Amino acid sequence: MKSKTLTPLFDLEKMAGSNGHSGNGFTGMDILSVNQFSPDSLEYIFARAREMREMVARAGAADLLKGVVLACLFYEPSTRTSSSFIAAIERLGGSVIPITQGVQFSSVSKGETLADTVRTLEQYSDVIVLRHPEIGSAKLAADYASVPVINAGDGAGEHPTQALLDLFTIREELGSLNGLKVAMVGDLRYGRTVHSLTKLLLHYDVSLRFVSPEILRLPLTLMNEVIDAGIDVRETHDVADVIENADVLYVTRVQKERFNDLAQYEAVKEYYVITPELMEQAQEKMVVMHPLPRVGEIHYSVDKDPRAAYFRQVQNGMYVRMALLAAVLGRA
Amino acid sequence: MKSKTLTPLFDLEKMAGSNGHSGNGFTGMDILSVNQFSPDSLEYIFARAREMREMVARAGAADLLKGVVLACLFYEPSTRTSSSFIAAIERLGGSVIPITQGVQFSSVSKGETLADTVRTLEQYSDVIVLRHPEIGSAKLAADYASVPVINAGDGAGEHPTQALLDLFTIREELGSLNGLKVAMVGDLRYGRTVHSLTKLLLHYDVSLRFVSPEILRLPLTLMNEVIDAGIDVRETHDVADVIENADVLYVTRVQKERFNDLAQYEAVKEYYVITPELMEQAQEKMVVMHPLPRVGEIHYSVDKDPRAAYFRQVQNGMYVRMALLAAVLGRA
Amino acid sequence: MKSKTLTPLFDLEKMAGSNGHSGNGFTGMDILSVNQFSPDSLEYIFARAREMREMVARAGAADLLKGVVLACLFYEPSTRTSSSFIAAIERLGGSVIPITQGVQFSSVSKGETLADTVRTLEQYSDVIVLRHPEIGSAKLAADYASVPVINAGDGAGEHPTQALLDLFTIREELGSLNGLKVAMVGDLRYGRTVHSLTKLLLHYDVSLRFVSPEILRLPLTLMNEVIDAGIDVRETHDVADVIENADVLYVTRVQKERFNDLAQYEAVKEYYVITPELMEQAQEKMVVMHPLPRVGEIHYSVDKDPRAAYFRQVQNGMYVRMALLAAVLGRA
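Protein chains in written order, with the working numbering: chain E, 4 to 335; chain X, 4 to 335; chain Y, 4 to 335.
Keep in mind that the hints were calculated from the coordinates and are not lab data.
Watch out, some of these pointers could steer you wrong.
Derived pair list, reagent style DSS-like, types lysine-lysine, alpha-carbon separation capped at 27 Å [to be verified]:
hint, chain 1, residue 1, chain 2, residue 2
1, Y, 69, E, 17
2, E, 69, X, 272
3, E, 69, Y, 17
4, X, 272, X, 307
5, E, 17, Y, 17
6, E, 288, E, 259
7, Y, 307, E, 142
8, Y, 69, X, 17
9, Y, 69, X, 69
10, Y, 69, E, 69
Everything numeric in this text was worked out from a predicted model, so none of it was measured.
The shape of chain E in the complex, shown without the other chains (with noise of 0.2 Å):
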């Protein structure tokens, strides 16, 4: 048969491009660092992730992003981040590819580059999601694909999809994001999160408060650009010096193994752990936040305090990667 005499599958004319939405300058983007984002920039997230968030409570889901196919391409595995960006398309209407596991068993395995694998999930995809164990992984990416690409932690780098919920927590818990005392609670010197949460921080007229034990203090370089802020800024050994007048209390938890004498981790742990009774002591508007997952940092019977924010920052991850899904797609 000749292919003339077949009927269209499509009515390719009634098909919709776009929604008109510009983006913002976000369109196209790759999100790879926190650095790229300004005040103005982080607002305007913001904003579109309180629209997500009230749609999702309205709706469940949206069709904005429909016919958008996102690759979740996870070379190391985090339940919590993938699951926070598969729902995230899928409450846009969109839908995703998902290789979250045994990456190492496939092509990659045959020896193929991260920059082929990119280029070619890019031919099926609109937008690349990554999570690799190295350094500099997403930066690689982003400059063979095409489509945008979202860095999704890349290794001892950056994940900066987790620094801009904790910003965003902390903007919708406290109202404002300046005036505010914030204290950095635990391993605050490999701390991904800490850094890249500290780096948005310096954005605004915040005191920051680094406790941590001596060999897992925030690095020097860190910390001359805090200073160079003009901020206000202290460092301690034991959460106890700050729980009073902190607005927020970041943990993260201090690793046993990072320890070389296990009798020096003995001697200090009990120092970076939220109990109940610490909490007593704290303002009745703080709030704790963790990147999770826990384990015994924050006492289980913290958890029914309504100052105990994790979960709810869990949530928000969510409503922030739609924000970005839907910018750097040009539909928001």
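Please arrange chains X and Y on chain E, whose structure you already have, making use of the hints.
Relative to the frame of chain E, chains X and Y by itself:
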């Protein structure tokens, strides 16, 4: 830019929240055990399951659960059950976060508790389907989650949706649940599906025949429940004893591993195998069921016998799960 | 409550069953081998694939296969192929049950046969895409399944959708399939894609050049088929011999592991590598293709050459699979 200048992404006024269905008491309910079901509520779910079957035959899918996200959290793989739930939510217009493999490599391996994992996933999703190797895990998850939890098997505990689909299959194949002679065959000691189906059948006017090796007889407690219910019941060692009168033959596997003495296994194994020769002795309207997978306990040559209902049973599982999902989400 | 008091969930009268397309003989067909395709049916699929490309460019996705559930059953991982099928069904409004990892840990490990797995999955789904390491497995699955089965690679057997996308790519890149000189390069002995594409090309007026190490020459049977078809054919050991006249260079990898004598591999390997220098000798309209992944056999510096068609080839795979899915489901 200021957020007040934004053109809204969604027309929230137009977005529907509910279809006006009441859920008939199921709305928000966790599905943990067959003990939650009365004959009335079973009849309600079965009526909805029939509607699902008709809808799928007509259109493949509907939008009843559009906007719903199901978290499919499987700590141990079960392709059959997870595929059934995934198809169920998709055929109702909802979507899925599949966490069906390698959960052990992610947050969980970092030491996160089931309670935290569940409270994280409920931030993204509207209903959680949980498979977990430990008895009581579904109850624990439900205690922490604010969204409905459906138990898809908790080790030696329960697997209620399997029992519901088994009962629904008997009902659909034979037109009634009363007046039937049901024979359970195989491993009646450890067979979770046998225990749950037996409990549900106690609601009806049935006769029960239990066919097993001596060491795999029905647990004493359950046997006493059956007797206390005033049911006509007998135990036997050979399926040949029951084949002529049975309306239902519910077959499970007798695993070699259960026997300390392999000679004993060899001596009895053929008593629990369904062959075409055995089928010749059965009634014309009898049905053979099996929770699958099977490994030799039903000969492949039995498959073409119209009384072989085990693949129809699989399909019924999808309809029953569709009905349950719609019900607990308040849309049925 | 009685089921007769239920308000129906669905308006079944309004639910459409079909779009009126005939499927042109493909409806319900299994896609197992390239031998099933005539020039007419190839032209039909290619015309539909072009419509898919235009629709995706215009709208991203359509509702043509709304209500369709695809079971994507991969017994061995192949990110490229599974992602392509997943994107294909999603861009047509259908959904997917992804069983692309760890099948070996589930029912299958409990001893379930492929026949039973397939008959289980067809209870949930409308079409099954199967990747399996054993030759003949797709045929076996199709023998048991009542829904269409698409072979996505059965070991040393076939991978027909790859051959179709290869042929479609040649057609789209060069405007015709007749009058072309096609050179196949690399491992022609074990290369499944080379064998299938060669068979399809026998339908057309082409010249074939086979370029391989001595131990990796085209199998004798296939070579005889080519000769019997009256095709202009030659074999050679060096891609430099064919580069000047070729319209298509179809490159595959020469694996070190194929050689008993590594010195022999080292001596010949450079004859099968595509470099920018080699490309200078080629025609301006020649195209370089590769089934991917590649590992060194095409230099990365060739990628920016407009004649490098291998990533466009990947994209064509999605369109061809969309066309096949629509066709076997009777919607094209």
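Structure-based check of each hint:
1. Y:69 <-> E:17: 18 Å, holds
2. E:69 <-> X:272: 55 Å, violated
3. E:69 <-> Y:17: 23 Å, holds
4. X:272 <-> X:307: OK: residue 272 of chain X and residue 307 of chain X at ~23 Å, within 27 Å.
5. E:17 <-> Y:17: The given pair, whose Cα atoms are some 22 Å apart, holds under the 27 Å limit.
6. E:288 <-> E:259: 32 Å, violated
7. Y:307 <-> E:142: Holds, at about 19 Å.
8. Y:69 <-> X:17: 23 Å, holds
9. Y:69 <-> X:69: 13 Å, holds
10. Y:69 <-> E:69: Within the cut-off at roughly 13 Å; holds.
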